[in-house]
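Colleague: With the sequences and hints as input, model every part of the structure.
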Amino acid sequence: MNLYNAITALSLFINFLISLTIIFKNREKPEKSIGWLLIFMLIPFLGLILYFFLGRNWKSRNLKERLSPEMIDFVKTSLEEYAGPYKDMAKMVTIGNGSPMFSYNNITLYKDGVEKFEALIHDLESATHHIHMEYYIVKSDDIGRQIFDTLIRKSKEGIKVRFIMDKVGGRRFDKEYLKEIRAAGIELVTYSAHFASISKYIDTSINYRNHRKIIIIDGKIGYLGGNNIGDEYTGKSKFGYWRDTHARIEGEFVLGLQALFFDDFFSVLSFNEEAKKWEYDKQRQKYKREEDLSLYFPKNTIENYLPMQLVYNGPGTPYSTVEQLFLKMITSAKEKIYISSPYFIPSDSLMQALKVAVLSGIDVKIVFPEQYDHPPVGHASMTYIKELLDVGVEFYLYDKESFYHNKAIVVDTQISTFGTANFDVRSLYYNYEVNAVVYDELTSAKMEGLFYDDAAASRMLTLDEYNRGSIYTHLKESFFRIFSLLF
1 MNLYNAITAL SLFINFLISL TIIFKNREKP EKSIGWLLIF MLIPFLGLIL YFFLGRNWKS
61 RNLKERLSPE MIDFVKTSLE EYAGPYKDMA KMVTIGNGSP MFSYNNITLY KDGVEKFEAL
121 IHDLESATHH IHMEYYIVKS DDIGRQIFDT LIRKSKEGIK VRFIMDKVGG RRFDKEYLKE
181 IRAAGIELVT YSAHFASISK YIDTSINYRN HRKIIIIDGK IGYLGGNNIG DEYTGKSKFG
241 YWRDTHARIE GEFVLGLQAL FFDDFFSVLS FNEEAKKWEY DKQRQKYKRE EDLSLYFPKN
301 TIENYLPMQL VYNGPGTPYS TVEQLFLKMI TSAKEKIYIS SPYFIPSDSL MQALKVAVLS
361 GIDVKIVFPE QYDHPPVGHA SMTYIKELLD VGVEFYLYDK ESFYHNKAIV VDTQISTFGT
421 ANFDVRSLYY NYEVNAVVYD ELTSAKMEGL FYDDAAASRM LTLDEYNRGS IYTHLKESFF
481 RIFSLLF
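In terms of the UniProt record's numbering, the sequence shown is residues 1 to 487.
Quick caveat, the hints were computed from the structure, so don't treat them as lab data. Incorrect hints may appear among the rest.
EDC-like cross-link-like pairs, simulated, lysine to aspartate or glutamate; straight-line CA separation at most 20 angstroms [said to hold, decoys possible]:
no., residue 1, residue 2
1, K355, D412
2, K139, D112
3, K365, D399
4, K160, D263
5, K236, E118
6, K156, D218
7, K476, D373
Modeller: Structure below.
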């Protein structure tokens, strides 16, 4: 009994010290502090364990996220200086991410996984030198095997294939099939950041995920968007049709994706246990420094002027460049702001910017799923939606027989962004994300057209309808909001 009392007292003392630390470190996010304090009160010992895995801010000390200087220098060559109306935004992105303006590109937009995977497999089959892929969720289901069977075949033909898979997102991948993939010569590594010496035995990285979804083929074709690799993205799941934007890109922007992939790949090699077993550290020099980079960064042949920039976020960045982009787009709007997101837990600055915009007479419309794939997040999102309904933002709930996974913003039919980042704090502060910002009226008009199609397939949520919700529903939403900023 004395031992039990001693352990309990020690646990409470540690909880007290950590509580003080949380209050001090989260002065700008009081809801996050309240959530952790409630957990410590309700489940003291388990709360410590949860905080160790999910609550600590390891990022500033242990993860480095940047494009290598030599890769930036390589990518910057032959790029024109942007002189359009959003020059201040372009400058912000360059300072924040080191991204130049990629001036000459072609973009093809796909509205779902069926369209995207059909085009992708054709491009994979046509690869002549290399295929680089980086994905969050990767499954060995029908579409997954179709893609990896193609990669295996191309690898056996002599094409260099490299693949980064997030460890959590790929946790259900068939292990025997994985052995077959590697046996075919595919350099597949899993992302799982290790933050402390204890991580040799315990993985403490569950809160920081590689949410990027990018593909580079021969340095000439790139893919970027919201679709992961799984049958649900082709409509084969309980959610039915899966609406998500993905883009096929040709041109200079692909060089930026390539540079980002190389930095991610070599970063994974530096701490990945599998890479150490394969002695990648000894092998990496042969293709990082000695291999002809012109094969990976070929001269651009696209002549269509379509300026774009690469915006990436990660636990190692000193501030959220994706949040800054979203904020800058919202505050630059003169007429309209159209936002699509499957999750809606904005930062305080984004919430205030949206309120100011709509109160200034700007048309603000947001499409959000009526069917949730993560109910706690969906319920928490509704409290933020209610705040914006109060000031006049229009919300559209997408077809309840489908799932809305789209991530995009269009402003004034002039500028747009798409990619992997959701309109929520996890994408802003925790995950590795990547977006394209497009300074092109025609592309933005196409994305606006997709938004109108989505709104037409949705029903408008009114403030009156929300207020008619049951007390239980609103209590549930408020409860989940308390914890929405924790993880």
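Colleague: Taking the numbered hints from earlier one at a time, note which ones the structure violates and give those numbers from smallest to largest.
Modeller: none
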